[in-house]
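Those protein sequences? They're chains A and B, same order as listed.
For the first sequence, the UniProt record's numbering assigns the number 1 to the initial residue and increments by one for each residue that follows.
For the second sequence, the UniProt record's numbering assigns the number 1 to the initial residue and increments by one for each residue that follows.
Rather than coming from a laboratory, the hints here were simulated on the basis of the structure.
Be careful, since some hints might not be right.
Unchecked claim - Below 16 Å or equal to it, Euclidean Cα-Cα: the simulated EDC-like pairs (lysine to aspartate or glutamate) are:
# : chain 1 : residue 1 : chain 2 : residue 2
1 : B       : 252       : A       : 104
2 : A       : 195       : A       : 166
3 : B       : 108       : B       : 321
4 : A       : 117       : A       : 104
5 : B       : 21        : B       : 77
6 : A       : 127       : A       : 79
7 : B       : 246       : A       : 55
8 : B       : 246       : A       : 79
9 : A       : 111       : A       : 122
What the hints assert, rightly or not - Covered stretches of chain A, going by a simulated chain B footprint (3 or more residues, C-beta under 8 Å):
#  : stretch
10 : 47-58
11 : 99-109
12 : 153-163
13 : 242-255
To be verified - Calculated from the model, a selection of chain B residues having no Cβ within reach of chain A, i.e. all distances over 12 Å:
#  : residue
14 : 76
15 : 184
16 : 274
17 : 278
Computed from a predicted structure; not experimentally measured.
All C-beta atoms, glycine included, are put in the ideal place defined by N, C-alpha and C.
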Amino acid sequence: MAKRIDVSGLNAYYGSFLAIEDISMTVEPRSVTAFIGPSGCGKSTFLRTLNRMHEVTSGGRVEGKVMLGDENLYGAGIDPVAVRREVGMVFQRPNPFPTMSVYDNVAAGLKLNGSYKKAQLDDIVEKSLRGANLWNEVKDRLNKPGSGLSGGQQQRLCIARAIAVEPNVLLMDEPCSALDPISTLAIEDLIGELKERFTIVIVTHNMQQAARVSDRTAFFNLAAVGQPGKLIEIDDTERIFSNPSVQATEDYISGRFG
Amino acid sequence: MSHATLSGKRPGGLRGATLPKWFPWAVAVGATAAGLGISAAAGLQSSIQWALIAAVLFIVGSYAVSARVEGRRQAKDRTATSMVWVAFLLAVIPLASLVWETVQRGVKVLDTYFLTRSMGVVADSEPGGGIYHALLGTLEQVGLATLMAVPVGVLTAIYLVEYGRGNLARAVTFFVDVMTGIPSIVAGLFVLSLWIVILKMGYSGFAGSLALAILMIPVIVRSTEEMLKLVPNELREASLALGVPKWRTILKVVVPTAIGGITTGVMLAIARITGETAPVLLLVWGTNFINANPFSDPQASLPMYIYLQYSNSGGEGPGYDRAWAAALTLILFIMILNLVARGIARWKAPKSGR
Ligand SMILES: Nc1ncnc2c1ncn2[C@@H]1O[C@H](COP(=O)(O)OP(=O)(O)OP(=O)(O)O)[C@@H](O)[C@H]1O
Ligand SMILES: [Mg+2]
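Build the full structure now, drawing on both the sequences and the hints.
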């Protein structure tokens, strides 16, 4: 299931603005990689290049290579829609489909793609909701609208929706930034369980969270506003938080930054 | 320092004198009485005059009293509130009187007999007869126009919002804007010259619905566009990130989220063209007989029926009553459409709550 991601020489633009420059890194399968760095340094931009969502923004353009397994996502003849089925995404703000019930939200990826058997659907929905630690809370209201859940439940619903299509990689852009400590903890536990099956990349502003959930941590930074963001270093989380090899990383982590 | 001056300005603290709840009503009654009194004394006949005097007295009176008792800020607030009320009444009076007049005169002959008979064997000066042929014609013409305009309009809006970039989109937007301003008679003349004069097709309900569709399309494009723009981008991205192709995202996520508003827009467009007379007069021609086939031979329609019955009646008699009854039917038809639209909008609106 899970696949290695290998990025080399990646630039991403918004129109003529170079947002991130020359990023190279490897993300191991069945691991959690955290992205940290100051606001505006291009973490979200980079994350979105990993499932070709960057080009959805008008003017979005990417140069370089992203290998998923042995295939270049930006190679000729690659279908971005197929890429997004392999690399799922959870957004910063919970965004369940407001016209759909809890059940239909989880089943959305399969239903909208038309590739499902009705009998399997019930199983997949239950499995995904259990996987997202939400089953017990919503099993009696599967047919109620998804937007009627609390913020934390909605975010877990979005995670369930993302894992229901069985991707290889799960990208999470600040999934807990709108949540209370208890929901955050639930999602962090969930990430720990999900990494048995998926390769996970998570953006977070919360250092403790990065330290708690991730195996590897990447620190991004930018020289000045208007300059492109760059990858400063990526290393084992323990090392990044105890003994980083770059001074800027240590400054940022210990709060002596900017 | 600054604190001292500030609190110096507000000796009353948090509590201030407040006029009782019934105060605006009392002023309104007083102003009306004064308005009536003044016009009686001055010998003014028109009810518009005393109503205007009363309105001015109401605004000025509530300001004066409130300024004295409550202070300037509350007085300004009361002035704004009174002006809103006066404007509301001014807007409602013509509407209410129109509905009242139509109902009062229309109910005289409006019954099932009237709804199920045509004017085929009834002379315009005789009593009896009905609007079946006109109602049928209107339903068919409006139905055909809707069938043509809704797909074109909705798809154009989807193109503009979801795909439109660059010059083509700008050109489409420009032409939609121009079309919005086309007077209905011009749309009628356009279809007349193209369909009837150049292509040599005869007068028919369909020719009329072509012109009606031209009038409908820009209204539908505009309202649908606005509704689609209201759909948050996050929903599109959520769907795309699940590996759903763009066209399916639009079909299954974007449009369903906006469907309530889109339906309302379509219904309003239908309501707008149902009362169109000019293009129908030019293209459908009119008949007193029932013609259920909109594709050949003249048909009737409600607005044209009203116009013909009224203009042949000379302001009284059975034709005159029939014109009012037909007008009432038209209003009821549009009102039902609006209610249906609201129902659909509420039923289809994105659900919240448990
Ligand atoms: N849609 C867009 N159009 C143009 N520029 C954009 C767009 N989105 C982001 N940018 C720019 O790209 C740069 C990187 O933004 P990005 O959102 O990736 O930052 P981030 O690291 O995720 O920040 P945060 O931690 O605040 O989420 C910023 O300079 C930002 O202004
Ligand atoms: Mg971000």
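Hint check results:
The straight-line distance between the Cα atoms of residue 252 of chain B and residue 104 of chain A is roughly 12 Å, inside the 16 Å bound, and the hint therefore holds. With a C-alpha separation of about 13 Å, the suggested pairing of residue 195 of chain A with residue 166 of chain A holds against the 16 Å cut-off. Taking the CA atoms of residue 108 of chain B and residue 321 of chain B, the gap is about 7 Å. The hint holds against a cut of 16 Å. Of the pairs offered as hints, the one joining residue 117 of chain A and residue 104 of chain A holds, with about 14 Å between alpha carbons and a cut-off of 16 Å not exceeded.
Pair hint residue 21 of chain B plus residue 77 of chain B holds up; C-alpha atoms about 14 Å apart against a cutoff of 16 Å. With a C-alpha separation of about 28 Å, the suggested pairing of residue 127 of chain A with residue 79 of chain A is violated against the 16 Å cut-off. For the proposed pair residue 246 of chain B and residue 55 of chain A, the alpha carbon gap of about 13 Å is at most 16 Å, so the pair holds. Only pairs whose Cα atoms come within 16 Å are accepted, and residue 246 of chain B paired with residue 79 of chain A is accepted, the gap being roughly 12 Å.
For the proposed pair residue 111 of chain A and residue 122 of chain A, the alpha carbon gap of about 12 Å is at most 16 Å, so the pair holds. With 4 residues bearing a CB less than 8 Å from a CB of chain B, the stretch 47-58 of chain A meets the requirement of three and the coverage assertion stands. Taking a C-beta to C-beta cut-off of 8 Å, the stretch 99-109 of chain A contributes 3 residues in contact with chain B, enough for the three needed, and the coverage statement holds. Check on the stretch 153-163 of chain A: 3 of its residues sit with their Cβ under 8 Å from a Cβ of chain B, so the three-residue criterion for coverage holds.
Only when three residues or more bring their CB closer than 8 Å to a CB of chain B does the claim for the stretch 242-255 of chain A stand; here the count is 0, and the claim is violated. At roughly 41 Å, the least C-beta separation between residue 76 of chain B and chain A is larger than 12 Å, which holds for a residue marked as non-interface. Taking the minimum C-beta to C-beta distance to chain A, about 36 Å, the non-interface status of residue 184 of chain B holds against the 12 Å cut. Against chain A, the non-interface label of residue 274 of chain B holds: every CB pair exceeds 12 Å, the least being about 30 Å.
At roughly 40 Å from the closest C-beta of chain A, the C-beta of residue 278 of chain B stays outside 12 Å, upholding its exclusion from the interface.
Checked against the numbered hints given earlier, the structure breaks hints 6 and 13 and satisfies all the rest.
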